[in-house]
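Whole structure, please, built from the sequences with the hints as guidance.
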Amino acid sequence: MAELAAVHAATHQGFPSEEVAELSQAIKEALLLLLDPELPDGSISVDFQSKAGIVTIEAQLNGRECKPIPHSRIDQFETTAGKLVDSWKLDPDECRLWLQKSAKGVR
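For the sequence shown, the positions run 1 to 107 when our numbering is used.
Hints were generated in silico from the structure; no laboratory data involved.
Note that the coordinates shown come from a computational prediction; the quantities given were computed from them, not determined experimentally.
Heads up, a few of these hints could be off.
Derived SDA-like pairs (lysine to any residue); straight-line CA-CA distance at most 20 angstroms [said to hold, decoys possible]:
| # | residue 1 | residue 2 |
| --- | --- | --- |
| 1 | K104 | G53 |
| 2 | K89 | L35 |
| 3 | K89 | E78 |
| 4 | K28 | Q76 |
| 5 | K67 | K104 |
| 6 | K28 | S87 |
| 7 | K28 | A52 |
| 8 | K89 | D47 |
| 9 | K104 | S24 |
| 10 | K104 | V7 |
| 11 | K89 | A2 |
| 12 | K83 | Q25 |
| 13 | K28 | S17 |
| 14 | K67 | S87 |
| 15 | K51 | W88 |
| 16 | K51 | P92 |
| 17 | K83 | S24 |
| 18 | K51 | W98 |
| 19 | K51 | A5 |
| 20 | K67 | W98 |
| 21 | K51 | A103 |
| 22 | K104 | P16 |
| 23 | K104 | A52 |
| 24 | K51 | K104 |
| 25 | K104 | G14 |
| 26 | K104 | S43 |
| 27 | K104 | L84 |
| 28 | K67 | I44 |
| 29 | K104 | L35 |
| 30 | K51 | E3 |
| 31 | K89 | S45 |
| 32 | K89 | G14 |
| 33 | K89 | E29 |
| 34 | K104 | S87 |
| 35 | K51 | G14 |
| 36 | K83 | K67 |
| 37 | K89 | I69 |
| 38 | K89 | I44 |
| 39 | K83 | Q100 |
Next comes the structure, spelled out in structure tokens:
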């Protein structure tokens with residue numbers, strides 16, 4: 001649902017369809033980065049803000065102890081989804097991730 005809301009907000013702000021698709025893919029990969037495949041019983045809270053041609057997404061793993069995210073998974077995220085957004089930040093100790101994307105030419 002968070003992905004749908006963020007994509008809707010980006011579309012409403014005039015993001016080109018290619019950038020909306022990139023944002024959608026980055027959100028999916030961000031959520032997969034936070035989820036531990038060995039402990040699938042956690043929940044994720046997602047918050048997003050949309051303002052002046054910028055969409056910001058914050059996701060945090062809840063409901064169980066946060067295990068360290070392997071560097072290989074972080075590197076993979078950086079080379080794939082990390083390039084689809086303007087900026088991103090990971091707090092591995094809190095299992096929290098921020099993504100930010102701005103629409104080119106929209107202000």
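Structure-based check of all given hints:
Annotation: proposed proximity of K104 to G53 holds, straight-line Cα distance about 8 angstroms (limit 20 angstroms). Only pairs whose Cα atoms come within 20 angstroms are accepted, and K89 paired with L35 is accepted, the gap being roughly 16 angstroms. For the suggested pair K89 and E78, the alpha carbons sit about 10 angstroms apart, so the restraint of at most 20 angstroms is met. Note on K28 and Q76: the hinted pairing holds, with a Cα-Cα distance of about 14 angstroms set against a maximum of 20 angstroms.
Taking the CA atoms of K67 and K104, the gap is about 36 angstroms. The hint is violated against a cut of 20 angstroms. About 16 angstroms separates the Cα atoms of K28 and S87, which keeps this hinted pair within 20 angstroms; it holds. Between the alpha carbons of K28 and A52 the distance comes to roughly 23 angstroms, so the proposed pair goes past 20 angstroms and is violated. Our distance criterion of 20 angstroms between C-alpha atoms is met by K89 and D47, whose separation comes to about 15 angstroms.
The hinted pair formed by K104 and S24 meets the criterion: a straight-line CA distance of about 16 angstroms does not exceed 20 angstroms. Of the pairs offered as hints, the one joining K104 and V7 holds, with about 15 angstroms between alpha carbons and a cut-off of 20 angstroms not exceeded. Of the supplied pair hints, the one linking K89 and A2 holds, its CA atoms being roughly 18 angstroms apart against a limit of 20 angstroms. Note on K83 and Q25: the hinted pairing holds, with a Cα-Cα distance of about 11 angstroms set against a maximum of 20 angstroms.
For the hint linking K28 to S17, the alpha-carbon distance of about 17 angstroms falls within 20 angstroms, and the restraint holds. Between K67 and S87 the alpha-carbon distance is near 24 angstroms, which puts this suggested pair outside the 20 angstroms criterion. For a cut-off of 20 angstroms, the pair hint linking K51 to W88 stands: about 17 angstroms separates their Cα positions. Distance hint between K51 and P92 is unfulfilled; the C-alpha atoms sit about 27 angstroms from each other, more than 20 angstroms.
Our distance criterion of 20 angstroms between C-alpha atoms is met by K83 and S24, whose separation comes to about 13 angstroms. Between K51 and W98, the direct Cα distance comes to roughly 16 angstroms. Compliance with the 20 angstroms bound is thereby established for this hinted pair. The straight-line distance between the Cα atoms of K51 and A5 is roughly 13 angstroms, inside the 20 angstroms bound, and the hint therefore holds. Pair hint K67 plus W98 holds up; C-alpha atoms about 18 angstroms apart against a cutoff of 20 angstroms.
For the hint pairing K51 with A103, the CA-to-CA distance comes to about 11 angstroms; that is within 20 angstroms, so the pair holds. At roughly 8 angstroms between alpha-carbon atoms, K104 and P16 fall within 20 angstroms of each other, so this suggested pair holds. With a C-alpha separation of about 11 angstroms, the suggested pair K104 and A52 falls inside the 20 angstroms cut-off, and the hint holds. The suggested pairing of K51 with K104 holds, with an alpha-carbon distance near 14 angstroms, which does not exceed 20 angstroms.
Restraint check: the Cα-Cα separation between K104 and G14 comes to about 9 angstroms, which is no more than 20 angstroms; the hinted pair holds. In summary, the hint linking K104 to S43 is not supported, as the alpha carbons are separated by about 33 angstroms, beyond the 20 angstroms threshold. Between K104 and L84, the direct Cα distance comes to roughly 13 angstroms. Compliance with the 20 angstroms bound is thereby established for this hinted pair. About 14 angstroms separates the Cα atoms of K67 and I44, which keeps this hinted pair within 20 angstroms; it holds.
Of the pairs offered as hints, the one joining K104 and L35 is violated, with about 30 angstroms between alpha carbons and a cut-off of 20 angstroms exceeded. In summary, the hint linking K51 to E3 is supported, as the alpha carbons are separated by about 16 angstroms, within the 20 angstroms threshold. Of the supplied pair hints, the one linking K89 and S45 holds, its CA atoms being roughly 16 angstroms apart against a limit of 20 angstroms. Of the supplied pair hints, the one linking K89 and G14 is violated, its CA atoms being roughly 25 angstroms apart against a limit of 20 angstroms.
In summary, the hint linking K89 to E29 is supported, as the alpha carbons are separated by about 14 angstroms, within the 20 angstroms threshold. With a C-alpha separation of about 14 angstroms, the suggested pair K104 and S87 falls inside the 20 angstroms cut-off, and the hint holds. Taken as a hint, the K51 and G14 pair is honoured in the structure, with Cα atoms around 11 angstroms apart against an allowance of 20 angstroms. With a C-alpha separation of about 25 angstroms, the suggested pair K83 and K67 falls outside the 20 angstroms cut-off, and the hint is violated.
A hinted pair counts as satisfied when its Cα atoms are at most 20 angstroms apart, and K89 with I69 qualifies at roughly 13 angstroms. A distance of roughly 17 angstroms separates the Cα atoms of K89 and I44; the hinted pair therefore holds under the 20 angstroms criterion. Proximity of K83 to Q100 is assessed by CA-CA distance (about 11 angstroms); at most 20 angstroms being required, the pair is judged to hold.
Hints 5, 7, 14, 16, 26, 29, 32, 36 from the list above are not met by this structure, while the remaining hints are.
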